[in-house]
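K.L.:
Letter by letter, the chains look like this.
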Amino acid sequence: MEPTTHHLYSLFHEISGYIYPNEIELHWKLLIVIYPYLTGLVAGAFILASLVKVFNVQQLKPTYRMSLLTALAFLIAAPLPLLAHLGHPEKSYEIFLTPNTTSAMAMFGFVYAWYLGAVLLLEIWLDYRRDLVLWARKEKGVKKWLHKALSLFSVDIYDKAVRFDKKFVKIITIIGIPSAFLLHGYVGFLFGSIKANPWWSSVLMPIVFLFSAIVSGIALMLIIYMIVTMMKERTVDRACLEKLASFMFYAMIVDFSLEILDFMHRIYESEESIKILAELVSGKLFVSLIVIQLLIGMIIPLMAIAGAKLFKIPFELKKIVYFVSALLVQFGIFSTRWNVVIGGQLFSKSFRGLTAYKMEFLGLEGLMVSLAIMILPLFILWFLFKVLPPWDDARNP
Amino acid sequence: MMNNKIINNKINNKSLNTEKPEPIIDSAGCDSVRYDSEHNDAGCDAGRRNFVNCALASSALMMVPGMLGAGEEEKPDPNELVLGDGYRPKDHKWGMGIDISKCIGCGRCADACKSENDVPREPFYFRTWVERYRILENGEAVVDSPNGAIDSFDEDKLDERIIRSFFVPKLCNQCEHPPCVQVCPVGASYRVEDGVVLVDRDYCVGCSYCLQACPYGARFLHPETRTAEKCTFCYHRIVKGLVPACVEVCPTQARIFGEMEKKSSPIIRFMRMNNIGVLKHSLNTEPKVFYANLDKEVR
Amino acid sequence: MLKLWKKFPGQLKRLILIFLLFVAALMTARHFLIPHDYGQYGNYRGGSVHEIANLEVKYAGQIVCVDCHDDIAEIKFAGYHKNVACEVCHGPGAAHVEDSDIELTSPRGRDLCILCHEYLPSRPTGFPQIVSESHNRVKPCISCHDPHDPVPPEAPKECSACHGTIARTKSHSYHADVECVYCHQASPEHKVNPRENLPSKPKTRDFCGKCHAEDADVEFGIPRVDMDAHEKRYVCWQCHYPHLPEAGQ
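Chains as they are written, first to last, in the numbering used here: chain L, 5 to 401; chain D, 175 to 473; chain Z, -6 to 242.
For the record, the hints were derived by calculation from the structure and aren't laboratory data.
Where a beta carbon is used, it is the ideal one built from N, C-alpha and C, also for glycine.
Just to be clear, a hint being listed does not mean it is correct.
[Said to hold, decoys possible] Below, computed lysine-lysine pairings styled on BS3-like, alpha-carbon distance capped at 25 Å:
1. K0(Z) - K174(L)
2. K470(D) - K199(L)
3. K203(Z) - K148(L)
4. K6(Z) - K170(L)
5. K279(L) - K454(D)
[Claimed, not checked] Derived, one-sided and incomplete: chain L residues facing chain Z with beta-carbon distance under 8 Å:
6. P93
7. S96
8. Y97
9. L101
10. N104
11. R133
12. D160
13. F168
14. D169
One chain only, chain L, in its complex shape:
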C-alpha cells in the first residue's frame, strides 16, 4: 500500500450512494479555495482604487495608495496556491510557453502577466515616481538607492513630466477596471465553463465571482485602513469610512441578488442534477453555505450596516459595527470560495452519491501551508508599506 493512497481507504466509509471509482479523492483542495479568494481580494482592492481615480470619489482618497499596494501584495501571493497544488510545479512554465488556446487555465499566464505588469505595477510606479525621486534626494544609504532603483533612475519631475504621469495613470486605471474584471471574471469562468459539473456550470459564475470579489476587496480595505490608522495612532477619516461602508453595502446587495438569482434559477429549472445538489446543500454544505456564507457572511453584515446607517449611533460604535461586519464578510466570502471549489467536487458526476473531503494538516496541500500562503500577503504588504509609504503625509508637497 502506497503511503500516498493510504488515507483514501478511510474515505470509503464516508461515501454515500454511488460515485465513480476514480472520484473518491478530491483533486482541488484547500489551496484551490485560497486561490480565488486571494485574486478576489486583488480585484476588489483595485476596483476600490479606481473609484478614486476614474470616478473621482474624493472621500476615498486616503485609501487609494493603500488599495494599490494591497492589490499588489495579494497578487504576488495569488499564484502560490496554484503552484503548490500542481503535480509538477517545476513544469509550470509550460503554461507560459505552450499555452493551449482553448484552455481557460492557460490564459491565466497572460491575464496574470497583463494585470501585474501592464496595470498594477505600472500604475503604482507612475503614481509614486515623483515621490520616489524626491525621497531618494532626501535619504541616505540603502533606502536612497532602493528608491533610486525603484524609480528606474529617472530624475525628471518637472511639471510637464508629472502631468504626463497623471494622464498616464488615468488611462491605466481605465484599462485597469476591465482588467480587474477580467482577472476575477476569468477565475469564475474557470469554474463556470465546466459543463460536466452542474454546480459550477453557470453563466452567472464569472459575474458572481466578480461581485463577491468587489465585496471582499472593499471589506479588506476597510479592515486594513482601520487597523493601520489605529496602529499609527491617527484618527479615522469619518467620510472615508462611511464611503467604504456604503460601497461595501452596495456591492453586497448586488452580490446577494446575483446569488439568490442563481439559486432560484437552479431550483426553478430543476435539471437532472437537482436531487444530488439538494442533498449536498442540505447536508454536507449546510453549515458552510447556509449558515456561514448566507447568514453570517451576508445577511447579518447587511443588516448591521443598514442599521448603523439608518439609526443615529455614536461614531465609535459605528466603527466597531463596520469593522466586525467587514470581518464577517471575509468569512462569508472565504466560505463562498469553499462552497464553489469543494462543494463542486463532493458529489459524483453520476449524480448518485457524495464523497467527502478530509483536510490534511501537514503536507503541501494541508492546512499549514494554506495558512502560510494566506498570511504571506500581509507580510508583503507590511514590507511594501515600509518601502512605499502610502500615508498622505509621506507625499511630497
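Fit chains D and Z to the known structure of chain L by using the hints.
P.N.:
Frame of chain L, contents of chains D and Z only:
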C-alpha cells in the same frame, strides 16, 4: 524496450503472415444473428470463426495503407504522423461498442486493463470499470462497482424486489469533442487524428483540470507520476493491429472494437444491428463508445 | 525613428526598455524550453505519441497463442469457451511468447471460474451459473469440468442450472409448482447448443386459458377470467409475468 520490440514484431508478422481472411461480414449472417440475440442470449455461439477472422481482418486492413505507402515511395511529409511499422492515424477512426445485455460483470476487462497498462492496483484508479445496476420496484436504482468489478460482484440481498438488472462497463469515451483536451492548459492532453485521446505523461503539469472537465469520471491522477491518466483504447496495441486488452479478454464479446469508417468492421455491424445509445448525450461530447441496450438509469 | 524616440518622456523610454527586455527574455525562454517536437502534428509534443505507441504489449492476443498450442485451440474452438481468450485464464502472455521459459499460470482453484459463473441475478439469463456455496463445495472446478471444453459431466437436468434468476423468481410465485416444461418444450440439443436450439414459448391466450378460463377443468382456487371479455387485444404475458404472476396483489 528491446524485448518489447521483438515481441511487437512477432505479433505484427503474425497478423500479416496468416492467410487471407475470408469475408465474414455478409448481411445475411448478420440478420440471423440478430434474431438470435432477441432471445437475450450472451452470444457465445455467435461464431467462433468470426472472432478470429474479425481480429485478422481488422489487423490486415490496418496494415494495408502502411504497406501501400511504402511501395509507392511517396515523399514522406515530416509533419505527417506515422507510427511504428507504418501506422497512419489519419487512415483510421476507432470506436468501441458495448452490448450491455451481454455483459456478465466478471470484471476481466478491468483486471486486464490494469495489467496491460500498469494501472495502480489500489481501488481508486481505473481506466475501465464495470458498474452493476439494480432497479427496484419502487423505481430506485442501486448502483455499485466494488473495486471496479475486478473481483466481480457479491450477491447482496436488497430489501426491495429488483425489476431489472444489468452490468455496464465504463471507460474513456474518446469524445469527438473532448472537454479534457479543451481545458488542458499546456497541450498535454490531445486528440490524435484516429480519434483517440492521449495524455503526454512527460508534459502534464498535474493541474487536474482535465479530471474536473471529464463528465464520465474516466480520468485519475496517477499517485506516483502525479500526472493525469486515462484509457487510451490501448493505443500501443491498436497501432500494432491488436484489439484493446479489455476487448481481447471479454469472454462474452460484450465489447466490440473496430474502425468507424470502414465498411467491414465489427463496429459498423454493431451499429447496424442494435439501437445505440451514448452516455450523457446532452453534453455534446460525441462519445465514440457506443452502448447497445442502454438503460435510462445509466449515467 | 530616432527623432520619435527622443520625443518620448524619460519615464516612457524606461518602461519601453523594460518591456523589450521582458519580451526578449520570453523569446529566449521559448527557444530553449519548448521541446523541439512540440506542435509537429498538433498542439502537443509529437514524441509523446511515439512513446505511447511503443509501450510494452502484455496481452499477446489469442491468434498468437493458437500458433503453438493448436492442439488445445482445436478443442477450445469447438467448445463453449471458444470466445474466452486464452489469456483470460492464463494471464498476459506476451512475455511467454517471446521467451517460452517464462511460464504462464493455470488456475487450479475455484476463484477464477466463479468470477463468471457464480450466480448473480444481474447476469443475463441463460448464462450458465452455479451457487458455489452448494455446488460441490470442496472440489476444484477442473476436477469435473475441462476448462478448454467445459461440457458438464452430465447434462444438467434442471433448467435452473442456467436459468437461475427465473427459477428463483418462480420458486416463490404462485406458479412454483408449474414445471418449466409445462410451458416450454426444449429439445435435448438445447442443453448442448442452447442458442441454436431455443425452447418453445406459449403462443396464444388459450394456452393460459387452459387453467385460467372460467370453464377450465382444473382444481378450485385458481383465479379465473372471462377469456372473451378480459382485455382481448393482448396476450396474457403482456400484462402478467408468468414467472411471477401477481394474483392476490
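K.L.:
Compare the structure with each hint and give your call.
P.N.:
Consistency of the hints with the structure:
{"no.": "1", "hint": "K0(Z) - K174(L)", "verdict": "holds (21 Å)"}
{"no.": "2", "hint": "K470(D) - K199(L)", "verdict": "holds (20 Å)"}
{"no.": "3", "hint": "K203(Z) - K148(L)", "verdict": "violated (111 Å)"}
{"no.": "4", "hint": "K6(Z) - K170(L)", "verdict": "holds (16 Å)"}
{"no.": "5", "hint": "K279(L) - K454(D)", "verdict": "holds (17 Å)"}
{"no.": "6", "hint": "P93", "verdict": "violated (15 Å)"}
{"no.": "7", "hint": "S96", "verdict": "violated (12 Å)"}
{"no.": "8", "hint": "Y97", "verdict": "holds (6 Å)"}
{"no.": "9", "hint": "L101", "verdict": "holds (5 Å)"}
{"no.": "10", "hint": "N104", "verdict": "holds (6 Å)"}
{"no.": "11", "hint": "R133", "verdict": "holds (6 Å)"}
{"no.": "12", "hint": "D160", "verdict": "holds (5 Å)"}
{"no.": "13", "hint": "F168", "verdict": "holds (5 Å)"}
{"no.": "14", "hint": "D169", "verdict": "holds (7 Å)"}
Of the numbered hints listed earlier, those contradicted by the structure are 3, 6, 7.
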